[in-house]
Amino acid sequence: MERVIDVQHLSKTFGTNEVLKDIDFSVNKGEVVSIIGSSGSGKSTLLRCINLLEKPTSGKIIYNGKNILDHAHDIYAYRTKLGMVFQQFNLFNNHDVLSNCTVGQIKVLKRSKEEAEEIALKYLKNVGMEKYIHAKPKQLSGGQKQRVAIARALSMEPDVMLFDEPTSALDPEMVGEVLKVMKELAESGLTMIVVTHEMGFAKEVSDRVIFMDKGVIAEEGTPEEIFNSPKQERTKEFLYRILKEV
Amino acid sequence: MSFKTIVDIFLNNWPMFLRGAGMTLFISIIGTIVGLIIGLCVGIIRTIPIPERGPKRTLLLVINKILSIYIEFFRGTPMIVQSMVIFYGTAQAFGVQMNRVFAALLIVSINTGAYMSEIVRGGIVSIDKGQFEAAQAIGMTHLQTMTNVVMPQVIRNILPATGNEFVINVKDTSVLNVISVTELFFQTKSIAGATFKFFEPYFITSIIYLIMTITITRILRSIERRMDGPANFIMAGNQMQVERPEDIVRKKQGQ
Numbered sequence: 001m002e003r004v005i006d007v008q009h010l011s012k013t014f015g016t017n018e019v020l021k022d023i024d025f026s027v028n029k030g031e032v033v034s035i036i037g038s039s040g041s042g043k044s045t046l047l048r049c050i051n052l053l054e055k056p057t058s059g060k061i062i063y064n065g066k067n068i069l070d071h072a073h074d075i076y077a078y079r080t081k082l083g084m085v086f087q088q089f090n091l092f093n094n095h096d097v098l099s100n101c102t103v104g105q106i107k108v109l110k111r112s113k114e115e116a117e118e119i120a121l122k123y124l125k126n127v128g129m130e131k132y133i134h135a136k137p138k139q140l141s142g143g144q145k146q147r148v149a150i151a152r153a154l155s156m157e158p159d160v161m162l163f164d165e166p167t168s169a170l171d172p173e174m175v176g177e178v179l180k181v182m183k184e185l186a187e188s189g190l191t192m193i194v195v196t197h198e199m200g201f202a203k204e205v206s207d208r209v210i211f212m213d214k215g216v217i218a219e220e221g222t223p224e225e226i227f228n229s230p231k232q233e234r235t236k237e238f239l240y241r242i243l244k245e246v
Numbered sequence: 001m002s003f004k005t006i007v008d009i010f011l012n013n014w015p016m017f018l019r020g021a022g023m024t025l026f027i028s029i030i031g032t033i034v035g036l037i038i039g040l041c042v043g044i045i046r047t048i049p050i051p052e053r054g055p056k057r058t059l060l061l062v063i064n065k066i067l068s069i070y071i072e073f074f075r076g077t078p079m080i081v082q083s084m085v086i087f088y089g090t091a092q093a094f095g096v097q098m099n100r101v102f103a104a105l106l107i108v109s110i111n112t113g114a115y116m117s118e119i120v121r122g123g124i125v126s127i128d129k130g131q132f133e134a135a136q137a138i139g140m141t142h143l144q145t146m147t148n149v150v151m152p153q154v155i156r157n158i159l160p161a162t163g164n165e166f167v168i169n170v171k172d173t174s175v176l177n178v179i180s181v182t183e184l185f186f187q188t189k190s191i192a193g194a195t196f197k198f199f200e201p202y203f204i205t206s207i208i209y210l211i212m213t214i215t216i217t218r219i220l221r222s223i224e225r226r227m228d229g230p231a232n233f234i235m236a237g238n239q240m241q242v243e244r245p246e247d248i249v250r251k252k253q254g255q
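Chains as they are written, first to last, in this note's numbering: chain A, 1 to 246; chain B, 1 to 255.
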C-alpha cells in the first residue's frame, strides 16, 4: 500500500515537558486512522506536528518521499495538501460561508474566483451547507460551523484530512450531523487521521485505531483488536473508564 | 453680554471662524489618516513572529526596539512641547525652515501614529489564535494571513478607538496655536484680541468644536454599522426565491 505520510522518531518538548516521545506512525492512502487516548496523552500535539502548527523538536515527517522538516522544503505547499479541522472550528469571522471556502483556493492555490466557487459549492453541498453560503460564521450553530470548516478544508482538495477532536466543542445533539459527514467522507475513500473521543465513531469507521498514552503510542491495531481484545493494561483501563461513562 | 453680541460677533467674523474650523478639520483628518497608516504598519511589524535564530531575528529585534522608542517618546511627551521642538527647535538648531501647516500635519500624524500603533497591536493580539492557525493550515503565509483574515477583523475592532483618536485630534490641534497655525483656536484668539471680548468668541468656538466632534462620532458609528453588515442572511434557494445557490453565485459574478 502507498504510504501518504510517514512519521519517524518524532519528538516534541515544551520546555522540559516531553509531550511526544519517539513516535513512529504512518498512514496509507485511503486509510482512516483514529487516535484515541486521555487528555494530555499527546494525540492533538501529534496531529498538530504533522501539519507543522507545532514544530517538532526532532524526527522526520516523510511526505512524497521527502522529509518535510528539511529547511529547503516549502511548508506552505505541504500544508495545502493537508486539510485540518479544528475543535473550535476556526472559521474566518470576516468571511461568509462561501468565501471561507474560496479564500484559500484563490489566494494560495491561485484558482480563479469562478473555479473556486464551483469547487466550494460542490463540497458545501456534500456537507449540506449550500443554502447558507451568505451566512457569516457567527450566524451558524456549532454543528453547521464545523460542517463548513470541513467543506473549507475539502475545497483545497487535500491528500489527507486531519481532524482534531472535531466534535468535542459541540452540543450533544449536533455531534451526529458532523459524524455523519465524516462517515460519508471515510466511505468515499478519503485518507483521514481523526483524533477523537467518540469511541463509537472510532470503532465503526476507522481501519486502524491508535491508542496514545503519556506521549507514546501504547497500542495500535484494528478497531476489533483495540476495542474487543486490548493487550495492554493501560488500554484496558482507558477503555473501561471511557465506556463506563457512556 | 447678550445673545445679540454673540450673534453679532459671529456675523462679523464668520469667515475667520469658518477658515479656522476648516484648518482644524483638515489637520485632524489628514493627521488621523496618516497616523492610522503609521499605526497599522508599526502594529503589524511589531506582531511579526520572531524566528528562533538567524539574521532575520536580529533585524526584527532591532526594528522592534526602534519602534518602541518611537512609541514611548511620542506618547510620553506633550504635543505642545513636540510642536515647539519640531517647528522652532529644529529651525534654530539645524536651520530647517518648515512650512507651518506641514509641521502641524507632521506633528499630529506621528503623535497619532504612536497611539494607533499600540491600538493596532492590541487589536492584533486580541484576535483568536485559531484564526491564525486555520489560515496557516490552508497554506497561507504570514502576510496572506494578515491581509486576508486578521487585519480586516482588526480594522473593524479598532474603529471605535480610531474615532476616539479623531475626536481627540480635533480638540488637540488647538495646541498648534503655539506655532501660529491658523486653526480654530488661533483664529478665536485673534478675534478675541480684536474685539476685547472673551466670552462670546470662545463660546462660539466651543459650539463649533462640539458640532465637529459630534458629527464625526455619528459618521464613524454609521461606518461601523455598515461594516457589520445585515444582522440576517438570505437563505440560498428557499421557498421565497427559487434560485439555486449556483445561480446566486453566477449572478454575483455577473455584476
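Please note that the accuracy of each hint is not assured.
Listed next, the in silico SDA-like pairs over lysine to any residue satisfying Cα-Cα at most 25 Å (straight line) [stated by the list, open to error]:
| id | chain 1 | residue 1 | chain 2 | residue 2 |
| --- | --- | --- | --- | --- |
| 1 | A | Lys138 | B | Asn12 |
| 2 | B | Lys56 | A | Asp24 |
| 3 | A | Lys110 | B | Asp228 |
| 4 | A | Lys81 | B | Gly229 |
| 5 | A | Lys136 | B | Lys171 |
| 6 | A | Lys183 | A | Glu157 |
| 7 | A | Lys136 | B | Arg226 |
| 8 | B | Lys171 | B | Arg221 |
| 9 | A | Lys131 | B | Lys56 |
| 10 | A | Lys231 | A | Asp24 |
| 11 | A | Lys214 | B | Phe196 |
| 12 | A | Lys81 | B | Asp228 |
| 13 | A | Lys113 | B | Lys56 |
| 14 | A | Lys81 | B | Ile223 |
| 15 | A | Lys107 | B | His142 |
| 16 | A | Lys81 | B | Thr145 |
| 17 | A | Lys136 | B | Lys56 |
| 18 | A | Lys131 | B | Gly229 |
Just so you know, these hints were derived from the structure itself, not from any lab.
Status of the hints after comparison with the structure:
1. Distance hint between A/Lys138 and B/Asn12 is unfulfilled; the C-alpha atoms sit about 56 Å from each other, more than 25 Å.
2. Restraint check: the Cα-Cα separation between B/Lys56 and A/Asp24 comes to about 33 Å, which exceeds 25 Å; the hinted pair is violated.
3. The straight-line distance between the Cα atoms of A/Lys110 and B/Asp228 is roughly 28 Å, outside the 25 Å bound, and the hint therefore fails.
4. A distance of roughly 34 Å separates the Cα atoms of A/Lys81 and B/Gly229; the hinted pair therefore is violated under the 25 Å criterion.
5. Proximity of A/Lys136 to B/Lys171 is assessed by CA-CA distance (about 38 Å); at most 25 Å being required, the pair is judged violated.
6. Annotation: proposed proximity of A/Lys183 to A/Glu157 holds, straight-line Cα distance about 18 Å (limit 25 Å).
7. Under the criterion of a C-alpha separation no larger than 25 Å, the hint pairing A/Lys136 with B/Arg226 is consistent with the structure, at around 15 Å.
8. The hinted pair formed by B/Lys171 and B/Arg221 meets the criterion: a straight-line CA distance of about 19 Å does not exceed 25 Å.
9. Using a Cα cut-off of 25 Å, the hinted pair A/Lys131 and B/Lys56 is violated, with the two alpha carbons roughly 46 Å apart.
10. With a CA separation close to 19 Å, the supplied pair A/Lys231 and A/Asp24 stays within the 25 Å bound.
11. Distance restraint check for A/Lys214 and B/Phe196: the Cα-Cα separation of roughly 84 Å exceeds the 25 Å cut-off, and the hinted pair is therefore not satisfied.
12. At most 25 Å may separate the alpha-carbon atoms for a hinted pair to count; A/Lys81 and B/Asp228 exceed this at roughly 33 Å.
13. With a C-alpha separation of about 35 Å, the suggested pair A/Lys113 and B/Lys56 falls outside the 25 Å cut-off, and the hint is violated.
14. Taken as a hint, the A/Lys81 and B/Ile223 pair is broken in the structure, with Cα atoms around 39 Å apart against an allowance of 25 Å.
15. Between A/Lys107 and B/His142 the CA atoms are separated by roughly 12 Å; this keeps the pair inside 25 Å, and the hint holds.
16. At roughly 18 Å between alpha-carbon atoms, A/Lys81 and B/Thr145 fall within 25 Å of each other, so this suggested pair holds.
17. Of the pairs offered as hints, the one joining A/Lys136 and B/Lys56 is violated, with about 38 Å between alpha carbons and a cut-off of 25 Å exceeded.
18. Straight-line distance between C-alpha atoms of A/Lys131 and B/Gly229 comes to about 19 Å, which keeps the hinted pair within the 25 Å bound.
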